[in-house]
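A.B. asks: Sequence:
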Amino acid sequence: MRLKLEALKKIFTQLKYEQAVHFSNSKMHADSYCNYLNAGGKPCMLLSGDLAQSESSEVFESYRSFSVRTIVATDLIAAWNRIMTTW
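Numbering (the UniProt record's numbering), first residue to last: 1 to 87.
Check each hint, because a few of them may be wrong.
[What the hints assert, rightly or not] What follows is a list of derived Cβ distance ranges for each label pair:
| id | residue 1 | residue 2 | range |
| --- | --- | --- | --- |
| 1 | LEU3 | ASN38 | 15 to 23 Å |
| 2 | PHE66 | GLY40 | 16 to 24 Å |
| 3 | PHE23 | GLU58 | 13 to 21 Å |
| 4 | TYR17 | ALA39 | 17 to 25 Å |
| 5 | LYS9 | THR85 | 26 to 34 Å |
| 6 | ALA7 | ALA52 | 28 to 36 Å |
| 7 | LYS27 | SER62 | 14 to 22 Å |
| 8 | GLN14 | SER54 | 31 to 39 Å |
| 9 | GLN53 | LYS10 | 29 to 37 Å |
| 10 | LYS10 | PRO43 | 17 to 25 Å |
| 11 | ALA52 | GLN14 | 33 to 41 Å |
| 12 | LYS9 | SER54 | 29 to 37 Å |
| 13 | LYS27 | SER57 | 17 to 25 Å |
If you're looking for bench data, these hints aren't it; they were derived computationally from the structure. Cβ coordinates follow ideal geometry from the N, Cα and C atoms, glycine included.
Starting from the given sequences, assemble the full structure and let the hints guide the process.
C.D. replies: Here it is as structure tokens:
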């Protein structure tokens, strides 16, 4: 896990980006990634299937308004579908 967090830090510090969606295969890892990014000064929000619709809407609104530039999502297909249909 430590190596993945170091790689994530390298990606987010060396690449220029406007917004990013990072997909994780588990909620535990997604929580870790999101906490790591937030602690490092990269505002991030978690998007997972267990969020209530109102919480998901808050994540998307924050992303849409650039309050948060990074989303960490746990379900690739569902998250991408929600991003594209609410954009």
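A.B. asks: Where does the structure disagree with the numbered hints, that is, which hint numbers, in rising order?
C.D. replies: none
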